[in-house]
Amino acid sequence: MALIEIEREEAVEEKEREPVRVTGLPFFPHFLLREVVVMCLIAGSLILLASLYPAGLLQPADPFTTPTPIYPEWYFLYVFGFLKFWTYDIGPIPAKVIGVTVPMVLWYGLLILVPFIDRNPSTELRKRKIAVALGVIALIAVLVLTYYGIVHGE
Amino acid sequence: MREQREVIIMTLYEKIYKWLDDRFKLGELLPPIVKHPAPVNVVSNPLYCLGGTAFLCFLILVVTGMFLAFYYKPTPDEAYKSVQNIMTAVPLGSLIRSIHHWAANTMIAAVMLHMIRIYFMGAYKKPRELNWVVGIFLLLTVTTFGFSGYLLPWDQLALWATKIGTGIAGSIPIIGGYISLILVGGNDIGAETMTRFFAIHVLILPAAIITLLGLHFLMVRIQGISGRL
Ligand code: HEM
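These protein sequence lines map, in sequence, to chains X and W. Take the first sequence: its letter number 98 is residue 97 in numbering that gives the first Met the number 0, and every next letter is one higher. Take the second sequence: its letter number 50 is residue 49 in numbering that gives the first Met the number 0, and every next letter is one higher.
Some hints could be false.
Computed from the model, here is a short list of chain W residues facing chain X with C-beta under 8 Å [said to hold, decoys possible]:
#	residue
1	48
2	59
3	83
4	88
5	157
6	172
These are calculated hints, taken from the structure and not from any lab test. All C-beta atoms in this analysis are idealised placements derived from N, C-alpha and C, irrespective of residue type, glycine included.
All chains should be built: construct the whole structure from the sequences, respecting the hints.
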């Protein structure tokens, strides 16, 4: 992460060409120390988590017995949840195709296009009410679908 | 005696510094990095740590992953036994595998929170549009890392979750059939699938993520961190 600090330094250099004077402490030793502290905290927490909750290993894989319940990893639960939630065909398109395409293809397509859809130059939360509202709705939707995925595990 | 030794070390240090300085102009390179002030708002706001946290997790994953690759055997007959061996017999094996597990989950969480910070601070706006796009590909890469790693221990959860996962990918219109054929390598999940998932997990995705991270950091370096808040 010290490397990242170096990159942040570059940011300062850019800014310094502008008349606004950046107030701050020198990178070394103040922020380097802070970085090292943060890194140690993260590394320490990982070791603690790993010791308290070791990675699991279940029964060996057996193609003939389906275990219950089966969950995907937590970060795919929303896809799983949407698939379980969407049971309606639209015209000739079967429900399953929609259930898969919306959270994978459409969702990622939409994410990629975010900077090109949102042309509003402001970065003030109050001046970008629509973007903020859509963001909050998307977050809630992903959380709710994740919950739905947990409840409806196979 | 002790002082004398210190003097020798100092001159050795100075000699090394001079040797490098002659060749790489350290005297010009280091001061801007070491002395320049970092803006208080960026450095004191912990939300700006999320990208760095993800990167630290990535480095931990590389090191622990190399260790695991020494003992892991990517075939259906051997995989489960080799993971069991790591968990019970290899010195520190259980700890290292568990750290790999937790660093992976923490990295994905950090990447998602990092993305949420970028979204709500509007840090994707001009001139950083392309870095957002690279970011989305990073998100895809990171989650695919998780997906491909899930199969490797070859336990019940690994097999059946992968069955569902490749099934979901296979139902995407038009390209889904190809994706699932490329991933599974046959009709059913078996030795072919394992070899492919292993290759994806330890060769293809690392190459992809290093390229993407290079682009990502290069762009942050050129453009600087957006100065909001
Ligand atoms: C492997 C995953 C990733 C790593 C290691 C990473 C790392 C970083 C780091 C260290 C920074 C510097 C500022 C900060 O830490 O907040 C940064 C900035 C940035 N990242 Fe990421 N990132 C990742 C994924 C993503 C994703 C998924 C997105 C969005 C879709 C994204 C978009 C951006 C943007 C737009 C910036 C510039 C922000 C600014 O100027 O304020 N990154 N990234």
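Status of each hint after checking the structure:
1. Because the closest C-beta pair between residue 48 of chain W and chain X is about 6 Å apart, less than 8 Å, the hint holds.
2. The beta carbon of residue 59 of chain W is positioned within 8 Å of a beta carbon in chain X (closest approach about 7 Å), and the interface hint is therefore held.
3. For the restraint placing residue 83 of chain W at the interface with chain X, the shortest Cβ-Cβ distance is roughly 7 Å, inside the 8 Å limit, so the hint holds.
4. Interface hint at residue 88 of chain W: violated, since its Cβ lies 13 Å from the closest Cβ of chain X, which is beyond the 8 Å cut-off.
5. Taking 8 Å as the C-beta cut-off, the interface hint given for residue 157 of chain W holds, the closest approach to chain X being about 6 Å.
6. This hint holds: residue 172 of chain W has a C-beta 6 Å from the nearest C-beta of chain X, less than the 8 Å allowed.
Hint 4 alone, counting from the list given before, is not met by this structure.
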